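*Asks:* As you go down the protein sequences, you meet chains U and Z in turn.
Per my numbering, residue 1 is the first one in the first sequence, and the count goes up by one each step.
Per my numbering, residue 1 is the first one in the second sequence, and the count goes up by one each step.
The set of hints was computed from the structure by calculation and includes no laboratory data.
Take the hints with a grain of salt, since some may be wrong.
Any copy, or any two copies together, can satisfy a pair, since identical chains are not distinguished.
Claimed, not checked - Keeping only pairs whose Cα atoms sit at most 20 angstroms apart, straight-line, the calculated EDC-like set for lysine to aspartate or glutamate is: (1) Lys449 / Glu82; (2) Lys354 / Glu245; (3) Lys382 / Asp411; (4) Lys108 / Glu146; (5) Lys81 / Asp261.
Computed from a predicted model, the values in this text were never measured in an experiment.
There are 2 protein chains.
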Amino acid sequence: MPNLEFLEKADARMPVSRRWDVSPVALVKTVRDSSAWQGWRMETVHARRPLAERSFQNGDSFILDFGEELVGKLKLTLRSKENYNDSPVRLRLIFAEFPLEIAERNRKYTGTLSRAWIQDEVITLDDMPQTYTLPRVYAMRYLFVEVMATPNRLVFEDIRFTARSAVRDFVPPLPEFSPEETELDRAAQRTLRNCMQGVLLDGPKRDRRLWLGDLRLEAQVNAATFRRFDIIERSIYLLAAFPQEDGRIPACVFDRPEPYDSRTFISDYAFLFADLLWFHYEQTGNEKLLKEMYPLAAKQFELFRNYYRNGVAQEELPAWNFIDWCDGLNRMTACEGCYIFGLRKLAKIARRLKKYSDAKQFEQEAGFLSNELIRQKFDPKKGLFVSGKKNQISCASQIWMVLAGVVTDADARTLLDKMEHCRNILKPVTPYLHHHLLEAYRIAGEKDKMLRHLHNYWGSMLKKGMNVFPEVFVEENERLTPYGTDPRINSACHAWSCAPAYFLRMK
Amino acid sequence: MPNLEFLEKADARMPVSRRWDVSPVALVKTVRDSSAWQGWRMETVHARRPLAERSFQNGDSFILDFGEELVGKLKLTLRSKENYNDSPVRLRLIFAEFPLEIAERNRKYTGTLSRAWIQDEVITLDDMPQTYTLPRVYAMRYLFVEVMATPNRLVFEDIRFTARSAVRDFVPPLPEFSPEETELDRAAQRTLRNCMQGVLLDGPKRDRRLWLGDLRLEAQVNAATFRRFDIIERSIYLLAAFPQEDGRIPACVFDRPEPYDSRTFISDYAFLFADLLWFHYEQTGNEKLLKEMYPLAAKQFELFRNYYRNGVAQEELPAWNFIDWCDGLNRMTACEGCYIFGLRKLAKIARRLKKYSDAKQFEQEAGFLSNELIRQKFDPKKGLFVSGKKNQISCASQIWMVLAGVVTDADARTLLDKMEHCRNILKPVTPYLHHHLLEAYRIAGEKDKMLRHLHNYWGSMLKKGMNVFPEVFVEENERLTPYGTDPRINSACHAWSCAPAYFLRMK
């Protein structure tokens, strides 16, 4: 049974959507370009006449660029040129975040997630002239329109997109930002803005729900930019409203049509809940929320404490352990890093709530586990932490050892340096883990490396033509998708990727 | 410029839609059957469980039968069985008047009219549970549903169709009707009911507009059944509101989104306008309407009078001459029949309005033309009227000679008998002309033949499984379509086919 008090509090923090109309900025076409993301870019078509002065017949198609990725609804105003509407108008529409979605529109879908996520529609309109707003919300920058049937030449009097988000205006860049940094900041803010809907969505095109792990990163960027703490609190209350019977916090909840639980649990996300709470408290001073959430945050560690009784777990935790989308990644050391990291934040919460004996116990446990990890999982020859029975070496393990404070200061810097220069190391796949890499550099006092990595990784995305940051970005494998073999299913605007707006302000 | 006074009067007679919810009566499947219309019939599937107790996965499909053809909107209430809605739901829907539309749904469309008339949709619904009403109005008896994508097993809690028409209840059959006559009457009334929307539509699936020629027949059946003279008057005012610059009355107007002219003219329809007015006057006594419309009705003859100055036109009238959908039909004699028939009614109107000299002139002209037709176009050897330079023999010519009073009484009966027994005669294609054939029998005093033909022609439609009467019915060519080669484009419920409810009451 959901916690109705928490649901009420979530309701009370429902953000009001800002809405604004956006007109297309250009008529474009897809062009093959090996230097562009996935081999496709949009090129402006130098049309002499505005769209409303042109007309289209059966089989014609065109692509509009709205200038930036937006989330909202499409409104079409149509008339037939001769105003003799002998039959309905039938259109095929594709809403695209990136050029490949339009350029490869006719390929058979080969993803493992539902085909229904692909944002395409066939609509039939009986009466002309007509202004029609499609009922669904889309995330898009580009709109492909194909005239499948029209009684005579069809005129698009007006096509506009009514964008929506809890926030509309971007926070200004810092004066010292370089032009690239300004652009990185803008794309990061746009990514976060597009995800700030009824809750903090992970992605407005696909998934469209609230994830605990994503929320934690979004809360950081939000604090550095929009500072809409009402939405953060709403999201926290929603997650907390649906504990499982044994007390597990859901990794994810749905907010529509009515909030409901996903019955999904991710161990590392659960351990990080304490950090989300502590960060929010530091930003807002909301001690009441800390108090309300403390039992739930503490419960997550209780549930798994026994697995770490010998200092290091003997097997993978019996849950979904996420850390990163990365085939073959052993997550045991990184998960324990999350456990220690969260536990240290839980201790801070306990201390703030004057639960001193709790606090002390958590601190001691964190200290014990840290020492055991060094003793059992640090390979002194390589100078790196290993994970699992096969002693796998991954960036994920090193990052979480630094974040968890298992190694600190000069040791942390040495570890990150070894990691950087290790050849056969499993690298991060998602911007989610790259965000934690930036944080590890920051905590270790390696601000130059932090900025260098930020410019390298997120800067590459800009150079590839992105204006928002995606769910997955691996420069060497642009068509990589975690869901089968069809990159159209990938989310190009994913809130866990909005790191730059936060870290650029940490200089 | 439209006549704004007439438009206002049309507005004032806008019917209020009756609405009623209809649930499906059976789960059915398409079955090949050479004795059924177009080789397909629906067979009831003996499902043990009601639809709402079943669930469906990707790729599943089913067909619902709503028991009779209805016009209106579809409302779906959906939920996913596990209430875990990981992704949107995508459905393919086909709304069908007759089984072939579903059975042959995947054939490439080969009609000449717009593909947009085919009533199929792909819809994507983001939130579950959800009740969704599709925005368009459909004409259908059968609904095909294919689950293209669902996050888990999908449950159709409720599927209902909100039917709409200006009339809801059928007029009771006469006590003396046989069971087949009762069924013929019911199907005819259903056909008319489905077309009684904002105006008298020709067909609710395809075309969806007001035609002058169809209106005239509908007005007859309406007088014998629903007696909704407001809609007849609204339709007359709409047509009269859009005369062309030279005074031609449009053959057709559109009523949505705002009334506008089709710029279509059909000579024979224009001549028959006078008959529509006179019939309406006889039913209602509305002399004011006669007075308002008299100049427009008279104008139609003025425009073409010169072509008949020698008694018979020397060439086809320079206009669309309809008479029937029939390849190769020579329409000259039949058109002149319409001219005379209309002129005689115009004379009656003139007399009623005390325009005696007009009336006399029209009567004299009708008499002159009748004599000339007998002199120039009657083949005494064959005993039949011919048409055009090649002396074509068609049923259309004979029918209109009887209706126009060119031949009467025993001569008319002889002519119809010759027609019946002539081997190489062009036969009627559409129920529109079959309606006129019934009327010719009636006028000639051949009520038995009238009823025999009614039972033969419309009775065959019932035997083929129809519950409404179609635009085109030729028993020997079930897939005949006036628009290319794809019978899916045909209208199965076409108001010009609702004759039985009128003629059965003429016994």
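*Asks:* Determine which of the earlier numbered hints do not hold for this structure and return their numbers in increasing order.
*Replies:* Checked against the structure, the hints that fail are numbers 1, 2, while the rest are satisfied.
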